[in-house]
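Residue numbers (this note's numbering), protein chains in the order written: chain H, 1063 to 1441; chain L, 1063 to 1441; chain E, 864 to 1251; chain Z, 864 to 1251.
List time: in silico PhoX-like cross-link candidates among lysine-lysine, alpha-carbon distance up to 20 Å:
#: 1; chain 1: E; residue 1: Lys1244; chain 2: L; residue 2: Lys1327
#: 2; chain 1: L; residue 1: Lys1367; chain 2: L; residue 2: Lys1432
#: 3; chain 1: Z; residue 1: Lys1150; chain 2: H; residue 2: Lys1432
#: 4; chain 1: L; residue 1: Lys1327; chain 2: Z; residue 2: Lys1244
#: 5; chain 1: Z; residue 1: Lys1095; chain 2: Z; residue 2: Lys1046
#: 6; chain 1: L; residue 1: Lys1171; chain 2: L; residue 2: Lys1275
#: 7; chain 1: E; residue 1: Lys910; chain 2: E; residue 2: Lys982
#: 8; chain 1: H; residue 1: Lys1089; chain 2: H; residue 2: Lys1104
#: 9; chain 1: E; residue 1: Lys1150; chain 2: L; residue 2: Lys1432
#: 10; chain 1: E; residue 1: Lys883; chain 2: E; residue 2: Lys919
#: 11; chain 1: Z; residue 1: Lys1244; chain 2: H; residue 2: Lys1320
#: 12; chain 1: E; residue 1: Lys1215; chain 2: H; residue 2: Lys1217
#: 13; chain 1: E; residue 1: Lys1214; chain 2: H; residue 2: Lys1217
#: 14; chain 1: H; residue 1: Lys1098; chain 2: H; residue 2: Lys1217
#: 15; chain 1: L; residue 1: Lys1217; chain 2: Z; residue 2: Lys1214
#: 16; chain 1: H; residue 1: Lys1327; chain 2: E; residue 2: Lys1046
#: 17; chain 1: E; residue 1: Lys1244; chain 2: H; residue 2: Lys1327
#: 18; chain 1: Z; residue 1: Lys918; chain 2: Z; residue 2: Lys982
#: 19; chain 1: E; residue 1: Lys1244; chain 2: E; residue 2: Lys1104
#: 20; chain 1: H; residue 1: Lys1089; chain 2: E; residue 2: Lys1069
#: 21; chain 1: Z; residue 1: Lys1215; chain 2: L; residue 2: Lys1217
#: 22; chain 1: H; residue 1: Lys1367; chain 2: Z; residue 2: Lys1150
#: 23; chain 1: Z; residue 1: Lys1244; chain 2: H; residue 2: Lys1327
#: 24; chain 1: L; residue 1: Lys1327; chain 2: Z; residue 2: Lys1046
#: 25; chain 1: E; residue 1: Lys1244; chain 2: L; residue 2: Lys1320
#: 26; chain 1: Z; residue 1: Lys1069; chain 2: L; residue 2: Lys1089
#: 27; chain 1: E; residue 1: Lys1150; chain 2: L; residue 2: Lys1367
#: 28; chain 1: L; residue 1: Lys1104; chain 2: L; residue 2: Lys1089
Facing chain H, from chain L, some residues (calculated, C-beta under 8 Å):
#: 29; residue: Phe1332
#: 30; residue: Gln1333
#: 31; residue: Ala1334
#: 32; residue: His1337
Simulated from the structure, these hints should not be mistaken for laboratory data.
We put the CB at the ideal spot given by N, CA and C, even for glycine.
The lines below spell out each chain.
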Amino acid sequence: MSHADLSEHRMMLANSVADFARGVDLKRVRRLSESKAECDRKLWSQMAELGWLGVLVPEDYGGMGLKLADMAIVAQGLARVLLPEPLTAAAVLAARVISDGSNEALKSKLLEGLVSGDMLPALAWQEAAGTLDTGNVSAQATPFEGGFRVNGTKKFVIGASHADGYIVSADSARGMQLLWVPKNTAGATIGFDMLADGRQAGTLNLKDVTVSKDNVLNSGAAATNSVACALDHAAAIASAELTGIMGRSLEITLDYLKTRVQFGKAIGSFQALQHRAVDLYIQQELSGAVLNDVLTVLDEEPDAKTRSAAASRAKARCTDAALLITRQSIQMHGAIGFTEDCDVGLYVKRAMTLAAWLGNGTAHRRRYAKTEILEGAAV
Amino acid sequence: MSHADLSEHRMMLANSVADFARGVDLKRVRRLSESKAECDRKLWSQMAELGWLGVLVPEDYGGMGLKLADMAIVAQGLARVLLPEPLTAAAVLAARVISDGSNEALKSKLLEGLVSGDMLPALAWQEAAGTLDTGNVSAQATPFEGGFRVNGTKKFVIGASHADGYIVSADSARGMQLLWVPKNTAGATIGFDMLADGRQAGTLNLKDVTVSKDNVLNSGAAATNSVACALDHAAAIASAELTGIMGRSLEITLDYLKTRVQFGKAIGSFQALQHRAVDLYIQQELSGAVLNDVLTVLDEEPDAKTRSAAASRAKARCTDAALLITRQSIQMHGAIGFTEDCDVGLYVKRAMTLAAWLGNGTAHRRRYAKTEILEGAAV
Amino acid sequence: MSATAQQIDYNAMSDEDFRKQAREFFENEYPDELRFMPRRLSWEESKPWWLTLSKKGWLAPNWPVANGGMGLDPAKLIIYWEETERAGIGRMPDQGVTMVGPTLIRFGNDEQRAKYLPKILSGDNVWCQGYSEPNAGSDLASLRTEAVLEGDHYVINGSKIWTSMAHNATNIYVLVRTDKAVKQQRGISFLLVDMKTPGITLRTIKNIAGGEEFCQVFFDNVRTHKDNLVGKPNEGWTIAKGLLTYERLNIGSPRRPLQAFEQLDPLARELGLFNDQGFVDRYTQLKMDLNDLGSLYQRYVDKVRNGEALGPDISMLKVFAMDTYQRLAELLLEAGAEYGALADEITLGGKKIDLMTPFYTSRPGTIYGGSNEIQRNILSKYVLQLPN
Amino acid sequence: MSATAQQIDYNAMSDEDFRKQAREFFENEYPDELRFMPRRLSWEESKPWWLTLSKKGWLAPNWPVANGGMGLDPAKLIIYWEETERAGIGRMPDQGVTMVGPTLIRFGNDEQRAKYLPKILSGDNVWCQGYSEPNAGSDLASLRTEAVLEGDHYVINGSKIWTSMAHNATNIYVLVRTDKAVKQQRGISFLLVDMKTPGITLRTIKNIAGGEEFCQVFFDNVRTHKDNLVGKPNEGWTIAKGLLTYERLNIGSPRRPLQAFEQLDPLARELGLFNDQGFVDRYTQLKMDLNDLGSLYQRYVDKVRNGEALGPDISMLKVFAMDTYQRLAELLLEAGAEYGALADEITLGGKKIDLMTPFYTSRPGTIYGGSNEIQRNILSKYVLQLPN
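Next comes chain H alone, as it looks inside the complex:
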């Protein structure tokens, strides 16, 4: 596509996302902790029809074969209305490892199911909190003639509550294995912890789970690399979600500052609040500028080191900015902001869950330091 075509096509994509978002009611998110309906499969199918689940899936598999910069537009727009569906978890994180799979039959099946919305996959890679190391896996895959028997525990699986199956990373004598474990497979049990925003973090227990050869998605270094790449891409798109969240939260807050009257004046006329709002705005704009640069870098498919450094830049900045902006949004609303009825509370909660997912600010700054600073400093 030419540059002009690209801009036009992204403008159209942004418009269609905005149209869709206008129809979304925050009531559903407000009740999420009770309803636990974080993935409405009817809505999910609509999103599939709009092509959004396949933005990053190659055209050969029914997807749109577009770029992360396109996916970011969808994720940002839907995050503005706090859509709880596991878009990034399925259509970026899981989609990437599936797309990189070496088992063509399984890859086809899973990608087509993902794109059509009929099959919701979740990637279960994480075992401990606070780590971005995708290679160091305790779960064990023991080979037998027909495939592997798997034991282990995977934590913080997003999108797990409505998933039709899990892609599980496990270590074996032949290196890392990425295995497809359909829901309700014998020996696979899933438990949940509620997240701050009412969504669920899954803990997947695998006890002597049998995975046939057909369900081995990828192996060895290729498997490890694909998870690392998926994590970086998903971190970038989660950053796009964070920009959507901070953007809407600041909008709501600026509106409030312009209309709420105290001491006979709109509170937005008080200089202390003005300057604070300006500082939030600067963080929002910084986040946007950084994300933009990072997406450009990632879409050029650089080496792993460059890719990880870029993803960490986006996640660190967008996480910290979103937490700051949403927290200050509560504060600037005064008592109203502290009630369940006020929308800004929903934004702070989503910001908190996205902040922690796939590495928070500290985790990403630490990783960035490791490759970008300390390697050079040791010379």
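Given the coordinates of chain H, assemble chains L, E and Z onto it according to the supplied hints.
Coordinates of chains L, E and Z only, in the frame set by chain H:
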């Protein structure tokens, strides 16, 4: 003394310091980097006559035998007018190790000279930047029949430019030695680096310097402990100086905010500046409250661990507050604040030198963590 | 109130003896399961302890003995508070004891004291506070709920909001506008109202964490007898202002952030963070900030102990306390990494750790009792005397 | 200006070729001892390089070729700037090239261009800026230096302050009040004045670091011919405002904080700080902030490249740049421990490290060109559109 008598006596002390301070002209400090006259011996004698050099010296040696809380009053009051004389370096840091000395004849001679103002001693304990470890000494004292021969380098010696001699810590086969090295002793050479505030930091080089037995002030664990104690006491009194500096700097700035007109109003009527001034004020008051508690603790002569923790609390808070307040004082003065003519510049420079001396904020927080946090956490 | 309690002169005891007695009592009698709660207690949870205190005559430490209090002098009062905090005793719906009692003792008349004080001590009356209004939050003086004297009754119309625990309360004290012709702060009166009076309705407001903490209280021609006016008509502002100063001392105590800090230790130990100098630096900064807050708090406690009045500078205590509390809550979530996004308590190394509650409990303190912005305005105007 | 230079159409070159040429020129010809200076250059230091640039026709990259500039299009101009920064070329007393030239080209007339531009290129005229006044610092529009037209001459009375390098300058451009009857921003005119005109006196003002950076310029019945009025009478504010926007882009460049960052690396290596996770955390935060500043800066550079106008939102670039710069300077001093209190360069492990200069050079940026407070006011009003 009863509590009421104590309060009254301290009030009188504060008044006499304030009277003296009113006669001090900042011109001298402004020209310090050229004149290099950081200790006016005539003024020093006046301070001696007022008893201030002997506040902490026992009455048996001609001093006042008072407390650190008293010394803090003197140091704070003189710091408000940026008196450059090495009061804390001589009358606290050096005075303490001399008072703890085991060589009675030398101790008498040095204390009486200190109290009368005729003899200005400087403690040369430090060898590397960024450490509060007084025991780990590289300088070597090699024993011979008549005493020791000393080799080594001591850095960051405050008050060195006008000192009549140095108390040097050196390691020996018999443990640490504290040795009195008069100015111009053969083999002892001193060089200087200018500090931000125009005062001088001395670097003392000792090459085969002969120290007779008569000039051995203290030895072994007693020597090590006395230096550690001196450092804590001096850090507390330097903190008192920092409160004087921040207090006067904020006063000048508040006056400016009330009188300087921009956009047709006193700039102190702008809420953003008001709130910033309030935050500075809070830091000033916190510093005062902490220093007050710390002096009370130190004057009860607690064990070394309690003493060091208390001193670190004061130095960390007062350093950070003084740096913040003086830097913001420049900022709130606008362009005027950035000129050499403006007094607040002198305050920021003195704050910087006192901040770095005897351990900056980071150094003291680290030391505090070591004994107060990590020891407990390891359990 | 118990007759025996009144006969003990606590002020005649040595500080050590009194502290010992308080400590033993709080340690032995307070329900363990309610110690160091990261939130306020409901009336239902509080009632047994309320009655235990009341029976011993220890419910109202700073009321005069004649009114059924302990009549503690400031030095003893501080010890009482210190031991309360040490034992981790929760905050009860204590507006009756902390606010209404002192107000009636200072500004009320004998009839009001006789009518209301015993019922506070007995737990028959539970009070709530009607100050804020939907359009007068931080700007309290602009309140519009009005009361018009008709015969022997004030007739109240309007509504109050952010009334904590109103759904548990039997009575409410309200600031109402009784003269619209004069300047904002004037023309306000202080009235006592029975919550069962016809015309009062409640709307519960859930807080951000989903708890039923506040209510909006609506007044629709609510009649309260003019005997329920505290102080003189139109002088309610003076009464309210004095009470707020002491509320700022209470909210500025290091107690609540210290409770949150208790969560940080086991978390750090379990995640191995004490080997991480970056974490240790941030932990140390907060720990030292909390200690320094303690020094500042102590300064005001000493003033109370010496019988000195608290001035507007007390606002700085609240600003720094709330700022420190929030930074602490934020470090908890950050250090918890993925655990820091979980809504409920977590279990690590066999210990229950509550990472999220401190985040929620640390926030309203910068809004209620005058937001931190308002506190800074107060400090700017009345302490630094910066121009308007 | 050189005849050959005018014949080259740089815009016709490929970006790569132009970059290569610029890089080679700057690397080979710029004096090594003046690279990456932590302060501005004096006129004396600058002059040889000024003349080298001028001879090559490269002194004024953004002036039209017809005026003796390079006539670069925005894309090439950015490359020119990038290579300037890459080579560590110092800031010269360049008001003539950056401010006077563009102003005369846009708002001046042919006579003014013919009279002044060649002398800027030749180094015969060195310009300084007369904007601020003792009582009109941040509030520039309230300036009171006035000029009255008497016959063919404007007669100027008043004084300007914070005039950088005025003691080196041969000419000054001043904002003066020519109509006192109208609102502040109106009634201001833009005049050019020869510094040798009778009635001009200078007072040098030393800066906090002891350097002779600024002057106060006094005007006592100083006469300048009315031909030296740029634009129309009373329309000087529009001219000045447009220039300030580009000044904010310049001051928002990550270049200067990056130069300060260069000091941090050897310091950290010598003191072993890269083994200290606490230091590494703070170092990383700043490094990432600087990279992120680079992303924001690039956004505005791209706008210039695409020929878009810069709006008031450019103020955020300056706020974040200056904030980051100051935090960096403060970390340098803190990490330096006792070295951080020394006034002069230090030598560590054979390397010279300048810890103190960044502290001083990082401060005026939050004051000049509109303080950070003013920038926030601008953003609040014109970008967020918050009420007054």
